[in-house]
Amino acid sequence: MHCHSRINREAIVIPLRYTCYREGERFLLYDSGVGDVERILILGRQWNATWSSEKKTVLADGTFNIAPPLFAQVYVLLASKRGFTVPILYALLLDKREDTHCRMFHAVKATWPQFSPETISMDFERAAVNAARTVFPSAEICGCFFHLMRNMKKQLTLLSLSGRYKNDDDFALAASMIIAMPFVPLEQ
146 MHCHSRINRE
156 AIVIPLRYTC
166 YREGERFLLY
176 DSGVGDVERI
186 LILGRQWNAT
196 WSSEKKTVLA
206 DGTFNIAPPL
216 FAQVYVLLAS
226 KRGFTVPILY
236 ALLLDKREDT
246 HCRMFHAVKA
256 TWPQFSPETI
266 SMDFERAAVN
276 AARTVFPSAE
286 ICGCFFHLMR
296 NMKKQLTLLS
306 LSGRYKNDDD
316 FALAASMIIA
326 MPFVPLEQ
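In the working numbering, the protein residues as written are 146 to 333.
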């Protein structure tokens, strides 16, 4: 029996010493609470709140590969500061449903009231996009080119078209035109 098999998300009690980055600076920015079966934890430096109003462009992405056993996803928000793009917070989520993402984004807004990004660049996960639009209605939501490329390759594979893409120049050109669409000016 694995030691975490007797533990569930809603029963975890996080000792105070593990909620701080340094003395006087919180690292556990939000915890929906013991007893919440849909528990969300948001981690990041409290110091990031001091420049949260400057975060005009935010990158957002979720990953399942590094999620701890009791959570399904780690969702990351990144922002630029002095020319460097850095993670500003990590959210541990139990799933990728829209209501879960809404709860997370609302928790971010409650934690950082000045946080009001003008642009959010994210993957094409409909639940995350809809949640971002709901919680940050004035933000422009942009798809991430990396994810567009990855999804295109995935679809070519799923539809058994990878060979055709490699061997049929006309087909490869047409597929490449789809990927190039984000670079076409809206007027055209």
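Just so you know, the hints here were simulated from the structure itself, not pulled from any lab data.
Please note that the accuracy of each hint is not assured.
[As the list claims (entries may be wrong)] Pairs of lysine-lysine residues, derived as DSS-like cross-links and limited to a Cα-Cα distance of at most 30 Å, are as follows: (1) Lys226 x Lys241; (2) Lys298 x Lys241; (3) Lys226 x Lys201.
[To be verified] Ranges between beta-carbon positions, derived for each pair: (4) Ala255 x Pro213: 20 to 26 Å; (5) Gly288 x Asn210: 17 to 23 Å; (6) Val329 x Ile157: 22 to 28 Å; (7) Leu173 x Thr302: 36 to 42 Å; (8) Ala319 x Phe290: 17 to 23 Å.
A virtual CB, placed ideally from N, CA and C, is assigned to each residue, including glycine.
Hints and how they fare:
Annotation: proposed proximity of Lys226 to Lys241 holds, straight-line Cα distance about 28 Å (limit 30 Å). Restraint check for Lys298 and Lys241: satisfied, since their Cα atoms lie roughly 22 Å apart, inside the 30 Å limit. Using a Cα cut-off of 30 Å, the hinted pair Lys226 and Lys201 holds, with the two alpha carbons roughly 11 Å apart. Ala255 and Pro213 have their C-beta atoms about 23 Å apart, which keeps the hinted 20 to 26 Å range intact.
Our hint of 17 to 23 Å for Gly288 and Asn210 holds, since their Cβ atoms are close to 21 Å apart. As the Cβ distance of Val329 to Ile157 is approximately 49 Å, the hint placing it in 22 to 28 Å is violated. Between Leu173 and Thr302 the CB atoms are about 40 Å apart, so this pair conforms to the stated range of 36 to 42 Å. Range check, Ala319 to Phe290: about 18 Å between beta-carbon atoms, so the 17 to 23 Å window is met.
Comparing the model with each numbered hint stated earlier shows that hint 6 is the single one that does not hold.
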